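Enquirer: What follows is each chain in one-letter form.
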Amino acid sequence: MAKAKTTKKPSNPKTPDPIEFTKEQELAAYRDMLMIRRFEEKAGQLYGMGFIGGFCHLYIGQEAVVTGMQAALIEGDQMITAYRDHGHMLACDMDPKGIMAELTGRQGGYSRGKGGSMHMFSKEKNFYGGHGIVGAQVSLGTGLAFNNRYTENGNVCCTYFGDGASNQGQVYESFNMAKLWDLPVIYIIENNRYAMGTSVQRSSALTDFSRRGCSFNIPGIEVDGMDVRAVQAAGELAAEWCRSGKGPIILDMQTYRYRGHSMSDPAKYRSKDEVQKMRAENDPIERVKQRVEQNKWASEDELKAIDKEIRAIVADAAEFAQNDPEPDSSELYTDILLPVEA
Amino acid sequence: MAIEILMPALSPTMEEGTLAKWLVKEGDDVAAGDVIAEIETDKATMEVEAVDEGKVGKLAVAEGTKGVKVNAVIAVLVEDGESTDDVSAPQSVAVAEPEEPKPEPIAVAASAPIPATIAISNDPDIPSGTEMVSTTVREALRDAMAEEMRSDDRVFVMGEEVAEYQGAYKITQGLLDEFGAKRVIDTPITEHGFAGIGVGAAMAGLRPIIEFMTFNFAMQAIDQIVNSAAKTLYMSGGQMGAPMVFRGPNGAAARVGAQHSQCYAAWYGHIPGLKVVAPYGAADAKGLLKAAIRDPNPVVFLENEIMYGQSFDVPKMDNFILPIGKARIHKEGSDITLVTFGIGMKYAIEASQALSEMGIDAEIIDLRTIRPMDMETVVASVKKTNRCVTIEEGFPQSGIGAEIGIQIMQEAFDYLDAPVIRVTGKDVPMPYAANLEKLALPNVEDVVQAVRAVTYK
Chain X
655 MAKAKTTKKP SNPKTPDPIE FTKEQELAAY RDMLMIRRFE EKAGQLYGMG
705 FIGGFCHLYI GQEAVVTGMQ AALIEGDQMI TAYRDHGHML ACDMDPKGIM
755 AELTGRQGGY SRGKGGSMHM FSKEKNFYGG HGIVGAQVSL GTGLAFNNRY
805 TENGNVCCTY FGDGASNQGQ VYESFNMAKL WDLPVIYIIE NNRYAMGTSV
855 QRSSALTDFS RRGCSFNIPG IEVDGMDVRA VQAAGELAAE WCRSGKGPII
905 LDMQTYRYRG HSMSDPAKYR SKDEVQKMRA ENDPIERVKQ RVEQNKWASE
955 DELKAIDKEI RAIVADAAEF AQNDPEPDSS ELYTDILLPV EA
Chain F
13 MAIEILMPAL SPTMEEGTLA KWLVKEGDDV AAGDVIAEIE TDKATMEVEA
63 VDEGKVGKLA VAEGTKGVKV NAVIAVLVED GESTDDVSAP QSVAVAEPEE
113 PKPEPIAVAA SAPIPATIAI SNDPDIPSGT EMVSTTVREA LRDAMAEEMR
163 SDDRVFVMGE EVAEYQGAYK ITQGLLDEFG AKRVIDTPIT EHGFAGIGVG
213 AAMAGLRPII EFMTFNFAMQ AIDQIVNSAA KTLYMSGGQM GAPMVFRGPN
263 GAAARVGAQH SQCYAAWYGH IPGLKVVAPY GAADAKGLLK AAIRDPNPVV
313 FLENEIMYGQ SFDVPKMDNF ILPIGKARIH KEGSDITLVT FGIGMKYAIE
363 ASQALSEMGI DAEIIDLRTI RPMDMETVVA SVKKTNRCVT IEEGFPQSGI
413 GAEIGIQIMQ EAFDYLDAPV IRVTGKDVPM PYAANLEKLA LPNVEDVVQA
463 VRAVTYK
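Chains X and F, in that order, give the protein sequences.
Each residue of the first sequence is one higher than the one before, counting from 655 in our numbering.
Each residue of the second sequence is one higher than the one before, counting from 13 in our numbering.
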């Protein structure tokens, strides 16, 4: 993989215009984002009822990011993220029952109850977790992209992290090697403005995260992460960038989480007005709904029917997750080491 | 006045080298900084520069001489006006003579030679009659990687200076030539990052060998080893793990001070989801590294810089694989069980010879694997000898010896005729000064004294 690196600065692509969605695309995005929101609302309820333990980080408000990105990918592309991962798993088409049952620590969960909210995986769906250590997934995702380059499988790895993780050292170690070897990795920074309780202004010397790859010649573009069409356009540009052999690219997704960092966060570091304003003016799901209504692509009743259908799926998942048995106590000692083949 | 030029020490662990080539001849004028000779160590060829100016009066060691001890006189410079005829040539350096170098010997030279033979011919994993080839630990490790890379395209090696430089300690020598830059990959100095990239590649199905220049630097990467590599299989309910090897020199080298001299056996031995291997001789290094590369789990493979240049018999076999998790009884004995691993074997073997002269017959167990630890072999031995001393270079608290001691207490308490005693590195950061470093490490006398204490002799 050794090769002479050019010192010529690559041209930084411009933020593409949002895609003009068809009726089908708008309705699919509406449905996918609503699924994440309703699922997360239910998870919040179950946490309050004591069915979900430990830490639980909800994705409400950020739905457009993962939904738009996923629409830009092809079969075999991988995804990896940190612990705010429920939306990512739903976007990967993982079964809501299996996800919710993992949240409640039951045997039907994706990790048979041994991972929990923060540590969940699906080999089948190319979802590589679900990681609890802030920033660690960035090196791991770069390693997944290393595999793509090594095996020449034509796939890209979507590596998600937040504005908080963006200040971890290993992120930049990974950037350096990703560009040095031109690995096909899209670094998606979900900039929701707060690293737990610390705003980007208080934590980051450079708050324009699209420029965080400058030292490594990695281009970056800022994206309206509350507009699913803008996200998909950026995702398609980035995937093409990687697949054509140009190496990594950074997408700085401007987004917002409505809930606290985790369920136990009272969110005193920001005003209720700030949250309300964002919900009222920029909600990713409302923006799709408005366009659908303006274009008369679905009636109020039809949209309600979609919501009803989703609520039923989520209710089923919650029902399953509350009644599924806990893992057998023998599971304590399984999956620690694989047996060595003779 | 004549100036003596001495054989230089070119690495912390160098004891002797080959004077490969003279670039000057007797009667030549040299200035400070001129390259006058080439010296070969087991790792590299290095140039020797003149420190002073003068005329070469005498070349005391012939070109091509092997085994020239560090600090031996290799040439003499004379000043202007001095005749080379006036110089009485120093005694030529007799290579085989165990004569101590003139200045106070440095710690490396002062340490006892390491026993270079291990009785492995009776190893159940090696058919009797197998031809043995004398091989250094360095070559054995390289051969293991090369063989596995030949048979499995998914295996690659990544680390600092592993490719074009041929390895900081020359373990990966020749691999770049054979396998190319795609599979032998130089990284930037960025342990945390490349360890994580290795784990990600393993999760995707490749078989990385991650070389740390030393395990001291792996501290930068320990989160990825523990939190990502070791735990993913469990956290994913068995869906995916990290089949890979983290390898490199562990423990004290010589005179490199506190930040470069620490044993991490206990650290990694603590973690479920890891296997931890620490071989002593070359055959174990080869057979166990091959097993580690094939293992579907993450394996931490702890080597020792001082052992790299030591030669041992290695069986000539097409597919020489040793089982991870099995200790070897290196020497049978009836009076005391010595349990150790890695370079600790050096102290155990030498102590057993001294003990033998005192009429104490020691059984030596080489753990070879730290995790999973073969306590079955240890307990069976203790039930026979009724006494046990553990030996390791690591710190005492929460160390390998502490673990062995408590397990013996649980499994064989009624068989013990004396408490289990640990011989360990002292409970201090490794000092630099040669005398203090010697005090900080365990030594043969420590082992002998410990054995005498528990045998009441």
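Hints are computed from structural coordinates only; laboratory data are not their basis.
Quantities reported herein were computed from a predicted structural model and do not represent experimental measurements.
Errors might be hidden in some of the hints.
What the hints assert, rightly or not - Just a few of them, taken from the derived set where beta-carbon distance is under 7 Å, the chain F residues facing chain X:
#1 P20
#2 I51
#3 T53
#4 T202
#5 I209
#6 M247
#7 G285
#8 D307
#9 P308
#10 T389
#11 A392
Backbone N, C-alpha and C define an ideal beta-carbon position, used for all residues, glycine too.
Enquirer: Give me the numbers of the hints this structure contradicts, sorted from smallest to largest.
Expert: 1, 2, 3, 10 and 11
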